[in-house]
Structures are given as structure tokens and as C-alpha cells.
Amino acid sequence: MAARVSLFVTCIVDQLFPTVGVAAVDVLERLGFRVDFPEQQTCCGQPAFNTGYREEARQVARHFLNVFAHADYIVVPSGSCTSMIAHHFADIFEKEPENLRRARELESKVYEFSRFLIEIAHVEDVGARLEEVVTYHDSCHALRELNVKDGPRRLLGHVRGLELREMDAAEECCGFGGTFSVKFAEVSGGMARTKIDSIVRTGASTVVSLDSSCLMQLQGALSRAGLPIRTMHLAEVLASR
Amino acid sequence: MSAAFDEKIHETLADPKLQLAIYKATGRLVEERRKAIEPDLCPDYQELRTHANAVKRHTIEHLDYYLEEFARQVEAHGGKVIFCKDAEEVADFVLSLAKERRAELIVKSKSMTTEEIDLNERLEHHHLESVETDLGEYIIQLAHERPYHIVAPALHKTREQVADLLTDRLGVPRETVIEKQTMIARAVLREKFLAADIGISGANFLVADSGAVVIVENEGNARLTTSAPKIHIAVAGIEKLIPRAQDLAVFLKLLGRSATGQRLTVYTSFLSGPRREDEIDGPDEFYVVLLDNGRTKVLADRDKRQSLYCIRCGACLNHCPVYRKIGGHSFPWVYSGPIGAILTPQFLGVRHEPGLPFASSLCGACAEVCPVKIDIPRILLELRAEVKKAEARDGEGGLERLAFRIWAWVMRHPRIYEMAGMVAASLAPSTGGGWVRNAPFEVGPLRAWLSQRDLPPAAPKSFRQMWRER
Amino acid sequence: MSRETVLHKVRMALGRSAGQSVDEPLPVRLLVPEVDIEARIQSFCERIEALAGKTYRAASAVDARDYVSSVVAGRSAVASNAPILRECGVTSLPGVQSGFTDRDELRAVCSTVACGISGADYALADTGTLVMLSSRHEARLISLLPPVYIALVARERLLTGLDELLSILPHPAEQTSSMVLITGPSRTADIEQILVRGVHGPGEIHVVVV
Numbered sequence: 050m051a052a053r054v055s056l057f058v059t060c061i062v063d064q065l066f067p068t069v070g071v072a073a074v075d076v077l078e079r080l081g082f083r084v085d086f087p088e089q090q091t092c093c094g095q096p097a098f099n100t101g102y103r104e105e106a107r108q109v110a111r112h113f114l115n116v117f118a119h120a121d122y123i124v125v126p127s128g129s130c131t132s133m134i135a136h137h138f139a140d141i142f143e144k145e146p147e148n149l150r151r152a153r154e155l156e157s158k159v160y161e162f163s164r165f166l167i168e169i170a171h172v173e174d175v176g177a178r179l180e181e182v183v184t185y186h187d188s189c190h191a192l193r194e195l196n197v198k199d200g201p202r203r204l205l206g207h208v209r210g211l212e213l214r215e216m217d218a219a220e221e222c223c224g225f226g227g228t229f230s231v232k233f234a235e236v237s238g239g240m241a242r243t244k245i246d247s248i249v250r251t252g253a254s255t256v257v258s259l260d261s262s263c264l265m266q267l268q269g270a271l272s273r274a275g276l277p278i279r280t281m282h283l284a285e286v287l288a289s290r
Numbered sequence: 002m003s004a005a006f007d008e009k010i011h012e013t014l015a016d017p018k019l020q021l022a023i024y025k026a027t028g029r030l031v032e033e034r035r036k037a038i039e040p041d042l043c044p045d046y047q048e049l050r051t052h053a054n055a056v057k058r059h060t061i062e063h064l065d066y067y068l069e070e071f072a073r074q075v076e077a078h079g080g081k082v083i084f085c086k087d088a089e090e091v092a093d094f095v096l097s098l099a100k101e102r103r104a105e106l107i108v109k110s111k112s113m114t115t116e117e118i119d120l121n122e123r124l125e126h127h128h129l130e131s132v133e134t135d136l137g138e139y140i141i142q143l144a145h146e147r148p149y150h151i152v153a154p155a156l157h158k159t160r161e162q163v164a165d166l167l168t169d170r171l172g173v174p175r176e177t178v179i180e181k182q183t184m185i186a187r188a189v190l191r192e193k194f195l196a197a198d199i200g201i202s203g204a205n206f207l208v209a210d211s212g213a214v215v216i217v218e219n220e221g222n223a224r225l226t227t228s229a230p231k232i233h234i235a236v237a238g239i240e241k242l243i244p245r246a247q248d249l250a251v252f253l254k255l256l257g258r259s260a261t262g263q264r265l266t267v268y269t270s271f272l273s274g275p276r277r278e279d280e281i282d283g284p285d286e287f288y289v290v291l292l293d294n295g296r297t298k299v300l301a302d303r304d305k306r307q308s309l310y311c312i313r314c315g316a317c318l319n320h321c322p323v324y325r326k327i328g329g330h331s332f333p334w335v336y337s338g339p340i341g342a343i344l345t346p347q348f349l350g351v352r353h354e355p356g357l358p359f360a361s362s363l364c365g366a367c368a369e370v371c372p373v374k375i376d377i378p379r380i381l382l383e384l385r386a387e388v389k390k391a392e393a394r395d396g397e398g399g400l401e402r403l404a405f406r407i408w409a410w411v412m413r414h415p416r417i418y419e420m421a422g423m424v425a426a427s428l429a430p431s432t433g434g435g436w437v438r439n440a441p442f443e444v445g446p447l448r449a450w451l452s453q454r455d456l457p458p459a460a461p462k463s464f465r466q467m468w469r470e471r
Numbered sequence: 177m178s179r180e181t182v183l184h185k186v187r188m189a190l191g192r193s194a195g196q197s198v199d200e201p202l203p204v205r206l207l208v209p210e211v212d213i214e215a216r217i218q219s220f221c222e223r224i225e226a227l228a229g230k231t232y233r234a235a236s237a238v239d240a241r242d243y244v245s246s247v248v249a250g251r252s253a254v255a256s257n258a259p260i261l262r263e264c265g266v267t268s269l270p271g272v273q274s275g276f277t278d279r280d281e282l283r284a285v286c287s288t289v290a291c292g293i294s295g296a297d298y299a300l301a302d303t304g305t306l307v308m309l310s311s312r313h314e315a316r317l318i319s320l321l322p323p324v325y326i327a328l329v330a331r332e333r334l335l336t337g338l339d340e341l342l343s344i345l346p347h348p349a350e351q352t353s354s355m356v357l358i359t360g361p362s363r364t365a366d367i368e369q370i371l372v373r374g375v376h377g378p379g380e381i382h383v384v385v386v
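Chains as they are written, first to last, in the working numbering: chain R, 50 to 290; chain W, 2 to 471; chain H, 177 to 386.
These are computed hints drawn from the structure, not numbers from a lab.
Just so it is clear, the structure is predicted and the values come from calculations on it, not from any experiment.
Hints are supplied without guarantee of correctness; some may be wrong.
Each computed EDC-like pair below joins lysine to aspartate or glutamate, with the alpha-carbon atoms no more than 16 Å apart [said to hold, decoys possible]:
{"#": "1", "chain 1": "W", "residue 1": "Lys181", "chain 2": "H", "residue 2": "Glu368"}
{"#": "2", "chain 1": "R", "residue 1": "Lys232", "chain 2": "W", "residue 2": "Glu130"}
{"#": "3", "chain 1": "W", "residue 1": "Lys86", "chain 2": "H", "residue 2": "Glu200"}
{"#": "4", "chain 1": "R", "residue 1": "Lys144", "chain 2": "W", "residue 2": "Asp304"}
{"#": "5", "chain 1": "H", "residue 1": "Lys185", "chain 2": "W", "residue 2": "Glu69"}
{"#": "6", "chain 1": "W", "residue 1": "Lys231", "chain 2": "H", "residue 2": "Asp280"}
{"#": "7", "chain 1": "H", "residue 1": "Lys185", "chain 2": "W", "residue 2": "Glu419"}
{"#": "8", "chain 1": "W", "residue 1": "Lys100", "chain 2": "W", "residue 2": "Glu130"}
{"#": "9", "chain 1": "W", "residue 1": "Lys231", "chain 2": "H", "residue 2": "Glu180"}
{"#": "10", "chain 1": "W", "residue 1": "Lys305", "chain 2": "R", "residue 2": "Glu235"}
{"#": "11", "chain 1": "W", "residue 1": "Lys100", "chain 2": "W", "residue 2": "Asp304"}
{"#": "12", "chain 1": "H", "residue 1": "Lys185", "chain 2": "W", "residue 2": "Glu62"}
{"#": "13", "chain 1": "W", "residue 1": "Lys9", "chain 2": "R", "residue 2": "Glu235"}
{"#": "14", "chain 1": "W", "residue 1": "Lys18", "chain 2": "H", "residue 2": "Asp278"}
{"#": "15", "chain 1": "R", "residue 1": "Lys198", "chain 2": "W", "residue 2": "Glu369"}
{"#": "16", "chain 1": "W", "residue 1": "Lys305", "chain 2": "W", "residue 2": "Glu130"}
{"#": "17", "chain 1": "R", "residue 1": "Lys232", "chain 2": "W", "residue 2": "Asp198"}
{"#": "18", "chain 1": "W", "residue 1": "Lys231", "chain 2": "W", "residue 2": "Asp198"}
{"#": "19", "chain 1": "W", "residue 1": "Lys462", "chain 2": "W", "residue 2": "Glu401"}
{"#": "20", "chain 1": "W", "residue 1": "Lys390", "chain 2": "R", "residue 2": "Glu235"}
{"#": "21", "chain 1": "W", "residue 1": "Lys25", "chain 2": "H", "residue 2": "Glu368"}
Working from the sequences, and respecting the hints, build out all of it.
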């Protein structure tokens with residue numbers, strides 16, 4: 050029987066970029082996984098956690114634990130939310146032994162989308178085709194907290210018609226940073242523009258990443274600058290044919 | 002966030018020359034470090050970091066023992082150790098020693114610790130001349146400013162600005178050639194070295210088993226400071242200890258590479274006690290001032306005491322995309338960049354500049370390059386929580402807290418979450434799928450977002466709606 | 177002043193009591209590679225030259241003296257009391273003053289002459305470093321005050337690197353009040369990252385491997 054995958058689509062994808070979720074489902078189903086979408090899901094709690102509201106983050110995280118209590122695998126199209134669940138749940142449940150145990154159980158079940166494809170589905174070629182010159186933006190949490198670096202590039206390398214051109218500042222932050230993007234808007238905007246300079250230098254027409262929040266920041270700044278470069282989530286690239 | 006913090010950030014971002022200077026300088030240091038740690042040049046770089054972290058952890062966890070061991074060894078070699086709890090005690094000690102020895106001129110080599118306690122100002126207040134001798138520090142002292150960067154204090158100064166300073170303060174003809182500016186400073190400072198009664202240095206490491214002060218530098222001014230005058234005073238934080246001289250094999254390799262990409266800096270001085278009986282030169286008196294000034298407060302926090310592992314290499318500043326935008330003087334205290342963002346609230350209290358721990362995208366570049374593996378992002382997160390707690394206690398930040406309370410409630414009620422999403426989508430301006438440049442009601446976070454970039458258009462349907470309709 | 181106050185606060189912070197023992201620290205990490213003497217000399221010279229220092233491999237004591245003489249080139253110089261300098265005849269070169277034992281006299285000379293000449297207790301091959309221990313033979317200021325610095329190092333004193341130095345000299349403080357590692361000429365890049373040599377220490381450095 051096909052393995053069951055529970056999709057945690059993340060609040061930002063659910064509300065603003067639903068096509069990313071659709072693409073992720075498409076890729077997973079083509080690979081033969083049974084995709085389950087627990088409808089009670091909302092958010093992982095990261096916005097509150099990163100802003101210093103630990104209690105509010107805990108409340109939302111408890112909800113998450115309940116919703117995904119029976120998942121076999123949880124696949125998340127975001128490095129940042131994956132890291133929140135896999136690393137920071139343990140911090141916020143330090144004083145709640147039962148929830149801490151449940152959080153620890155999740156750690157081995159929760160997978161960032163590209164890592165799931167490489168490590169569990171064992172695929173690098175998902176049969177995608179996209180005639181496009183792309184550059185890949187390493188989202189910080191995927192890169193530094195989950196050590197996801199080569200996987201997405203290998204997946205992109207197997208997309209027919211696609212040319213991957215590395216930018217000089219691939220590993221530099223896009224400047225989003227959650228509430229940082231509005232608390233320090235000018236700094237955040239400056240960081241996005243520096244990143245965009247690097248993207249432009251590649252001559253790529255598309256920026257790919259595995260976090261919709263980074264892409265929202267970059268697309269917002271690209272759009273403001275009037276640059277004809279689009280952003281795509283990795284799942285959308287892999288669902289292209 | 003205080004208005005001053007906001008204002009400094011804005012000023013720095015609005016100064017294209019300064020932006021370029023910061024980018025060039027930090028970019029060069031990033032590149033030098035990258036080359037120096039390439040696997041063929043430094044195959045065991047990651048093991049060195051792991052080892053350094055473990056040694057620092059051990060030392061900090063047993064700091065009382067190593068402090069006593071250090072003091073014993075300094076005294077065994079004829080030096081004296083003075084424990085000071087704050088800036089005032091350090092100044093009092095130096096002033097009373099200067100008075101006893103009828104000293105009038107002090108030469109100083111670069112030390113962040115003395116910057117931390119405004120030692121020069123305190124001494125000058127008592128009419129004791131104290132001259133910085135590191136070229137960058139000298140420029141900063143002439144300009145009456147704070148260091149812009151832990152290892153490159155005058156990073157923000159152009160040669161034109163230095164020319165003006167030298168002319169203005171020293172009365173020399175205007176000189177814009179950097180080599181010649183450097184030689185002007187050399188000549189002035191050489192006179193000071195030869196006339197000085199006391200030399201005050203910092204310390205990069207304090208070696209417990211040797212009672213030694215270790216100082217790394219490139220110019221030679223620290224050697225002169227510690228060798229030419231008859232009295233040498235080293236001022237260092239109590240966290241600077243390492244157990245054994247042999248541990249330097251790890252720390253010196255990491256420090257030079259992380260700071261400037263050097264395998265070893267030009268000079269590394271290992272100093273223990275005054276000159277020995279048969280030695281020809283060196284100081285007659287050797288003092289080590291061990292400063293608390295808030296460090297024991299940091300030490301008391303089990304999770305955050307790793308902040309004291311810092312060896313002041315500056316790599317986190319160079320790699321920080323925020324530092325590279327806002328520069329060193331936007332930071333509210335002498336320590337800038339990521340390390341400053343975690344040290345300042347711990348030393349001065351989280352309310353000193355409550356915006357500081359939030360001035361980070363939590364990208365983690367700092368932790369990735371830290372030679373002693375301080376988990377800076379995790380400490381920033383802790384400090385953010387402490388700021389919010391303090392605000393709640395003081396009855397501040399109510400609106401944001403309320404917003405997050407409501408948010409958390411909504412997130413626990415999926416139906417309401419879904420409805421809220423639909424309401425928000427219905428309020429969004431229709432742009433035919435294009436990104437939104439102006440919103441009908443630009444308030445708070447929305448206005449902040451739109452000040453810099455466009456907003457995504459509302460999705461016609463949420464993912465969950467699409468899932469249901471499959 | 178506040179010795180007991182500070183120590184008490186440290187112990188309180190750590191939950192330790194006075195006189196409490198410590199766990200063994202981590203074993204030291206010293207890795208000494210096997211490198212033959214020729215390779216050591218070559219690496220040493222390469223590193224110094226990469227830092228804009230000059231090196232000379234002297235075939236004999238006379239050769240070393242002649243090289244030093246060509247560098248001094250009739251200028252004033254001060255030499256340390258290192259035996260190697262006397263053995264090579266450097267101290268008897270014209271213009272070279274030596275044999276100082278008084279600090280003030282030495283300082284006065286060092287601050288006026290063009291060249292400082294000393295031996296080196298050790299040298300580190302992988303970084304191009306000279307290791308100087310203060311003693312009755314070696315003063316601190318000779319390698320520091322004159323604008324030109326010349327060091328003579330015996331080839332058998334060439335170690336592989338810092339790890340080897342610290343393994344044969346685990347407690348430098350037992351021997352000297354000052355051990356200095358010198359890696360190239362004095363330099364700064366404090367103004368606009370432009371490299372300038374000779375800011376406080378010597379801008380020109382010559383190392384003779386004897």
C-alpha cells in the first residue's frame with residue numbers, strides 16, 4: 050500500500066499562494082503517495098515565537114500537535130516552518146513533558162518538501178519539464194537549520210529544459226525574517242534589493258526557492274522595481290510539464 | 002525601538018558612500034576568511050571550531066577555578082591581579098597607580114574592554130593623557146567617536162576624512178595619500194611610545210596555567226605599548242580565560258582566520274609578569290585588571306552564558322546582512338553586529354534598546370561563521386521573549402500583544418481562521434492578479450511592508466477550498 | 177579591590193563553591209605533522225615572501241654575515257646578544273652596535289638606528305613565523321623599533337608549526353616574560369583597507385636561515 054503523507058501546507062501557502070500546495074500534492078501523488086490534508090491545520094506558531102510571544106506560540110503549536118498526532122509523514126513546502134516544528138517546538142515545550150514527548154516524536158516525521166523527495170521518495174527526477182533559466186535562492190532556515198543545500202539543486206538539475214545559474218549571493222538572506230520585514234522595513238527592503246542585484250546578474254528569468262515567504266519578499270521587491278523576473282516555488286517547478 | 006536607533010539606521014541607509022564603505026570592507030574580510038578556511042589550507046577548520054567551543058564551555062563552566070589559577074600564576078611571575086567590578090574601579094586603580102608613579106602619559110593598544118568602560122574619557126577627566134596607538138583607534142580617538150567595527154574601528158572613514166582629521170587635530174599639512182597618513186601617525190605615536198609612563202593593553206586571551214596575557218595584532222603598537230613603558234596594565238574581561246598555553250594552538254588558528262583571513266597575525270605576544278632579572282628590556286611592573294562589569298550577570302544564565310565564549314573576531318559582523326546595511330554606529334553600545342545584539346541587552350538590560358534583538362532576520366549567518374559556535378540566533382530569540390515579558394510587566398506594547406493574542410486564538414479555531422482569510426481577501430484591492438502597490442488603508446505593518454515592496458494579490462481561493470473542491 | 181566580590185559572584189552564577197574542584201579539561205589538541213627539513217625551509221621561506229618579507233638561505237656563517245652586511249649597507253644597526261650573531265660575525269660588522277644590557281641605553285639606540293638584528297629561538301615553517309623569547313640574549317625592542325629588521329635562525333630551529341612549538345614549549349612563562357611570534361612585517365589596513373607596511377614595527381624584514 051502506498052505510504053500516506055500528511056501535508057502541512059503552511060498558512061502563507063494556504064492563504065496567499067495556494068498553487069504551491071496544489072503543485073506539492075501533484076508531485077507527491079505522481080510519485081505514488083497518498084496525500085492527506087488534515088483540514089484543522091492552521092499555522093505552526095512561528096510568527097509569535099519569532100516575535101517573542103512564547104505563550105501564544107505554544108498555544109498554536111499545541112493545536113498543531115493535535116492536528117498532526119496521527120501522521121506518518123508530515124511534508125511541508127517550507128524550510129522555515131519545518132525548522133520551527135523540528136527544532137523550536139522542543140524549546141517551547143521545555144516545561145510540558147507530554148507535549149515535549151509529542152514534539153520529539155514529530156521531529157523524525159516532519160520533512161521539508163525537497164528533503165522528503167530525496168530522502169524518503171528517493172527520487173531526483175520527478176519527470177518535470179520547464180523551459181526556463183532559473184537561479185536558486187537558499188532560504189536561510191532550510192540551509193542553516195536543516196542543512197538543505199544540494200537536494201533542491203539536484204532536483205532542479207533533472208528538470209528538462211531548465212538551466213540553473215547560480216547567483217553569487219545564493220546563501221545571503223532575502224531580508225524577509227517574519228515580523229522583521231515590517232519592524233525594520235527599510236533594512237529588510239535594502240536586503241531584498243541587494244539580493245535582487247545578485248539575481249539580476251545571473252540573467253535568469255525565474256528565482257526558485259522552497260519557502261513562499263522568501264519568494265513573497267523577493268517577488269514584492271522585484272515587482273516594485275519593475276523587473277520582469279518571476280518567482281516560483283520548487284514544488285511549482287517540479288509540477289511543471 | 003527607540004527613535005535614536007531608528008534614526009541612526011535611516012541615516013546609514015541613506016548615505017550611499019557609507020553603504021559602499023561598509024560593503025567593501027566587510028566583503029573583503031568575508032572573502033579573506035573564505036580563502037583562509039578552504040579545505041586545502043585548513044582541513045580541520047570544523048574540528049577546530051568544535052574543539053574551541055568545548056574548551057570555552059569547560060572554562061566558562063569552571064570560571065572561578067581558572068580565575069584563581071590565573072591570579073596565582075601571575076603573582077608567581079611577579080605580576081599583580083586586580084579584580085574590578087565595574088568601570089569606576091578600573092579608573093580608580095589606574096588613576097591611583099598613575100598618581101603614585103607620577104605618570105602623565107599613557108599609551109593604549111586596542112581593547113574593546115576599555116572602550117566598554119570609556120577608560121580614556123575617565124582618565125582624561127582627571128587630566129591624564131591616554132593615547133590610542135592602533136591606527137584605526139587613533140583616528141577614532143581624534144574624531145571622538147566609537148569604533149565602527151570590532152576589528153576595523155575606522156572602517157567608515159575615508160582617506161579624505163582622515164586627512165581633515167589629521168590637519169585639524171595635529172596641524173599637519175593636508176595629506177590624502179594613505180601611506181603618508183600612516184607615516185604621520187607613526188611619527189606622532191612613536192614619540193608617545195618613547196615618552197609614555199604606562200602602557201595599557203587589552204587581552205585576546207588570558208592563559209590560566211601560565212598567568213599570561215596573549216595579544217594578537219598586526220601593527221606592532223601592542224608590542225610597543227607592553228614593552229616600552231615601565232608599567233604595563235592589561236585590562237580584560239573575566240571571560241577571556243583559557244586553561245592552558247597549549248590551547249592557543251586551536252584559538253590562534255581560529256582567531257586570525259576568522260578575523261582577517263590570516264593564518265597568524267603579524268605579532269602574537271605571550272606576556273607573563275614584568276621583565277625577569279636577566280632580561281634586558283620590558284616593563285618593571287605588570288598588572289592584570291580582571292573586569293566583571295556585568296559579566297557575572299550573563300554567567301548566571303545557563304542558556305545564554307555561551308555569549309561569553311566570544312573571542313572578538315568580528316566574523317559575525319562581516320557576514321551579517323543587517324550589519325552590512327546599518328553599520329556599526331547604529332548599534333546602541335560599543336559592541337556592534339550580531340554579537341553586540343546579544344551582549345548589549347545582557348549587559349545593559351533588555352529595556353536599554355528593546356528593538357535590538359529584533360533587528361535581525363534570524364538568517365543564522367553569524368552562527369555559521371562563529372569560530373566558537375555561539376548560537377546567536379537562539380540567544381536573540383530568548384532575548385526577544387525577555388523583551389516582550391518586560392514590556393508586559395511595564396504595561397507597554399499592548400497593541401501588538403493583543404494582536405498576537407487574537408492571532409493565536411484564531412489559529413486555534415480553523416473555521417474562524419478560514420473566515421478571517423476570506424474577509425481579508427475580500428478587502429484586498431482587485432488588481433487582476435497583479436501585485437499590489439497601494440492599499441486603500443495603509444496602516445501599521447501593511448504600510449511598513451508597502452513602503453519597500455509590493456504585496457501579493459489575494460488568492461481567489463485558499464488551498465483548503467481548492468482541496469475540498471478536488 | 178573586589179577580588180572576593182567578583183569571585184563570589186562568579187561562583188554564585190555557576191552554582192559552585194569556593195575551592196570546588198574541576199573536571200579534567202579536554203585533552204589538548206596538538207597535531208605535529210612529519211615534514212622533512214628541506215620542505216620546512218622551503219615552506220618557511222615561501223610564507224615569509226608571500227608576506228613581502230625577504231629570505232636568504234646562508235650556506236655558511238660567513239655567507240650569513242655577508243648577506244647581513246649587504247642589507248645593512250653601511251647604515252647604523254643594533255644587534256642582540258644572541259650567540260648565533262657572534263658566531264656568524266654579525267656583531268663585528270662595521271656600524272653594528274651590540275652587547276647592551278641596560279634597558280635605557282638599548283632603547284635609545286633602538287630608537288635611532290636603521291636596522292635591528294637578532295637571532296630567533298624558533299621558526300615556524302607553515303606560517304613563516306619567527307619565535308622570540310626575551311632573555312639576556314634577546315631584547316624586545318630590537319625587533320620592534322628600527323624600520324628594518326634582520327633575523328638569523330639556525331636551520332635546526334625550524335619547527336613545523338605552532339603545534340610543534342607548543343608541544344616542545346608547553347609552558348613558555350617558565351622561561352620568559354615575553355614570547356613573541358613575528359609573522360612578516362608590521363602592517364595595517366585601517367584606512368580604506370589599503371595595506372601599508374611598517375606602521376609601528378619594521379616595514380622591512382629579512383630572515384636568514386643559517
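Here is what the structure says about each hint:
1. Lys181/W to Glu368/H: 14 Å, holds
2. Lys232/R to Glu130/W: Judged against 16 Å, a Cα distance of about 44 Å means the pair is violated.
3. Lys86/W to Glu200/H: Violated, at roughly 29 Å.
4. Lys144/R to Asp304/W: 15 Å, holds
5. Lys185/H to Glu69/W: Roughly 13 Å separates the two Cα atoms, so the pair holds.
6. Lys231/W to Asp280/H: 11 Å, holds
7. Lys185/H to Glu419/W: Between Lys185/H and Glu419/W the Cα gap is close to 54 Å, so the pair fails against 16 Å, i.e. violated.
8. Lys100/W to Glu130/W: Holds, because 13 Å separates the two Cα atoms, which is no more than 16 Å.
9. Lys231/W to Glu180/H: 29 Å, violated
10. Lys305/W to Glu235/R: 29 Å, violated
11. Lys100/W to Asp304/W: 43 Å, violated
12. Lys185/H to Glu62/W: Holds, at roughly 13 Å.
13. Lys9/W to Glu235/R: Holds: Lys9/W and Glu235/R sit about 12 Å apart, inside 16 Å.
14. Lys18/W to Asp278/H: 52 Å, violated
15. Lys198/R to Glu369/W: At roughly 14 Å apart (the allowed maximum being 16 Å), Glu369/W and Lys198/R satisfy the hint.
16. Lys305/W to Glu130/W: 38 Å, violated
17. Lys232/R to Asp198/W: 50 Å, violated
18. Lys231/W to Asp198/W: Between Lys231/W and Asp198/W the Cα gap is close to 6 Å, so the pair holds against 16 Å.
19. Lys462/W to Glu401/W: 28 Å, violated
20. Lys390/W to Glu235/R: Since the Cα atoms of Lys390/W and Glu235/R sit roughly 26 Å apart, the hinted pair is violated (cutoff 16 Å).
21. Lys25/W to Glu368/H: The given pair, whose Cα atoms are some 9 Å apart, holds under the 16 Å limit.
Against the hints set out earlier in the document, violations occur for numbers 2, 3, 7, 9, 10, 11, 14, 16, 17, 19, 20.
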